[in-house]
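Visitor: Here the structure of chain A is known, so what remains is to put chain B in place on it, guided by the hints.
2 protein chains.
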Amino acid sequence: MNYQKRLLKLRKKIERKKLDAILISQPENRRYLSGYSGADHGIAESSGFLLILRTGPVFLLTDFRFKLQAEQETQDIEVILYPKGVIELLGQLLPDLGVAKLGFESHYTLHSTVAQMSELLGKKGVSLIPAEGLVEDLRIIKDEDEISLLKQSVQLNEKVFEEVYSSFSDYETEIDVAIAIETAMRRYGAERPSFETIVATGANGALPHAVPGTAKLRKNKSLTIDMGLILNGYCSDMTRNFVPNKPTKRYLKLHRIVRQAQRAGMAAIRAGIRGCEADQCARAVIVREGYGDNFGHSLGHGVGLAVHEAPSLSPRSRKKLKAGMIVTVEPGIYIPGWGGIRLENMGVVREEGFENFNQNDIWLDI
Amino acid sequence: MNYQKRLLKLRKKIERKKLDAILISQPENRRYLSGYSGADHGIAESSGFLLILRTGPVFLLTDFRFKLQAEQETQDIEVILYPKGVIELLGQLLPDLGVAKLGFESHYTLHSTVAQMSELLGKKGVSLIPAEGLVEDLRIIKDEDEISLLKQSVQLNEKVFEEVYSSFSDYETEIDVAIAIETAMRRYGAERPSFETIVATGANGALPHAVPGTAKLRKNKSLTIDMGLILNGYCSDMTRNFVPNKPTKRYLKLHRIVRQAQRAGMAAIRAGIRGCEADQCARAVIVREGYGDNFGHSLGHGVGLAVHEAPSLSPRSRKKLKAGMIVTVEPGIYIPGWGGIRLENMGVVREEGFENFNQNDIWLDI
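Those protein sequences? They're chains A and B, same order as listed.
Note that our numbering numbers the first sequence so that position 22 is 22, with each residue one more than the last.
Just so we're on the same page, our numbering is the position in the second sequence counted from 1, plus 1000.
Just chain A, same shape as in the assembly (with noise of 0.2 Å):
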């Protein structure tokens, strides 16, 4: 990855907002211009921080536990430590650096952080800047690079889900499935799921969010299963329903409307298109079949180093979509008590269209 050309863009950005540094908390934006891929446990426990000047040197903010890692997968960056906390040591550093605006992240920092750092830091003659979203801002738009790596984590996660889909009758249970896919995600050597896997089956459909459980999977209740995986830090995310034997009449009417519904949503997708008017596409399909209350979330949502990042295809997002983002394209019907349908693909936004990277079509076209 070309982390320099990142580090410009977002060094000219840092000048118009007349900031001498910025600090990156954000976990996904401190891989992106670093490559750093230390794991936080939660944002509360940070596996560090970069500190970018507007001119200068960048310098990666960690404690003892991430040194080796730190020093292993950066270059040109310098790693220090803070043994008592990554307040105290800007109060060492900015001065003596020449740092009297700092930008911080607020959408990624706590407020209590806030409130410490501002009066550590006051004392020291730096004040804090709110300086939020300028790294999503560049990651939003994917370059032929990362393109081709997202697509290599959907292809990896679809051959995660067919290994499985191919074996199905060794499972009992819904957790027996999520350990399945889980377990050939790594073998196969994804870093890691890029969410907690779903499956879920008959009613249990019906939540959106299921937690797999100790559910016997029969051959007449229909599953739905939502999965994505990590390769070299990019995410995929994949949604499929089926059911192991002959489905209900009930389950085919659904369906269908379920899978028209993302081919309108992924036929209205190309660059200068609003979220909104691709969501609205999709939607419509599922309201004039008389479900539309039974579809309450958005068409879809942005992927990258993230599993959900901008844009956002909702009622609400009247951004226009542009070339060179990601996005899943997932409506869904739910019916509390009988279960739920919903199909996910992901792919690229193109000048003329959706490039959708998903292969595998299993029980897409019934």
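Wrong hints could be hidden among the right ones.
[Stated by the list, open to error] Taking lysine to any residue and the SDA-like style, the derived pairs with C-alpha atoms no more than 20 Å apart in a straight line are:
(1) Lys84(A) x Arg1316(B)
(2) Lys1216(B) x Lys84(A)
(3) Lys1084(B) x Ile1141(B)
(4) Lys1216(B) x Arg192(A)
(5) Lys1084(B) x His209(A)
[What the hints assert, rightly or not] Quick list of simulated restraints, FRET-style, between CB atoms:
(6) Glu1355(B) x Phe64(A): 28 to 36 Å
(7) Pro1057(B) x Asn356(A): 46 to 54 Å
(8) Pro1315(B) x Ala44(A): 37 to 45 Å
Bear in mind the hints are in silico, worked out from the structure with no lab data behind them.
In this text, a Cβ means the ideal position worked out from N, Cα and C, and glycines have one as well.
Guide: Below, chain B without anything else, positioned relative to chain A:
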């Protein structure tokens, strides 16, 4: 769990702070007070908030995706959905409920979220008051029901370790071992691992937070396994270190120093001792042997609904331990290029000493 008793204690704190209500955003706090276990996808994608009035009802605010789960898992709590986000919903609810002073968890709320909330709620006459750690102060002391659940979590974790250890020759790489561990965890009914399982062989052991990779296991290479699971909401955390074949003299020497430090730490712990004193007792053993610079982290941390929580056993933690606190005792020695050794047990602080939950002693006293 006695949620009413917990709510009663929290409401006393709310009253003392002169708040009309508090908004609970921290996931473990939410679960502690309500039983709702909805999974957040990071802090920016919450699965819900508790709104607790000083007097009156408790609300669980969430979105469409989590509605059924929220209703199934809670009692005496009204679930309200926010199709347009929690801030807009609060803007509608709070004035009607007569809330003028709303506490929020400043240690688990983003700076940008507070800015948005202040702006919208300010117009409605609601002021926001940072309220940090109110629920954590309750969570830090476990009752006997919780202690029993934590012990069960440790016991299941050991069962998994022993199973994987006994079939050790089946595995080729670090990642194979990690997969076997996490698969067994889920098969035995754990919700999930409490953190990403660490399996580090040879020199990789020098990274305290190593990510399992494709490094091959060798009979004469040492192995660090740091693993934990969540059972009924409660976490376990254990580290073992061993060599499949005969260990070298150097390995034996370092392993015995770490174990001696661990014993010293466990022997020091009892109600009334400071966290830093426990750390010091263990650290002194390692310093005396000349490896003080190779033990760069704290002796231990609290465990409960979160795998890392208060109290801390660090050189800087002046607070006194109390009966009913749960802590890990995990000294380590890390030598870049050679590897590392860490041994971690977990147990409860009692008036008279430390009750170690770990029964497994494989490779502890070699």
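Visitor: Hint by hint, work out which the structure violates, then give me just those numbers in ascending order.
Guide: Hints 2, 3, 8 are the ones this structure does not satisfy, whereas the remaining hints hold.
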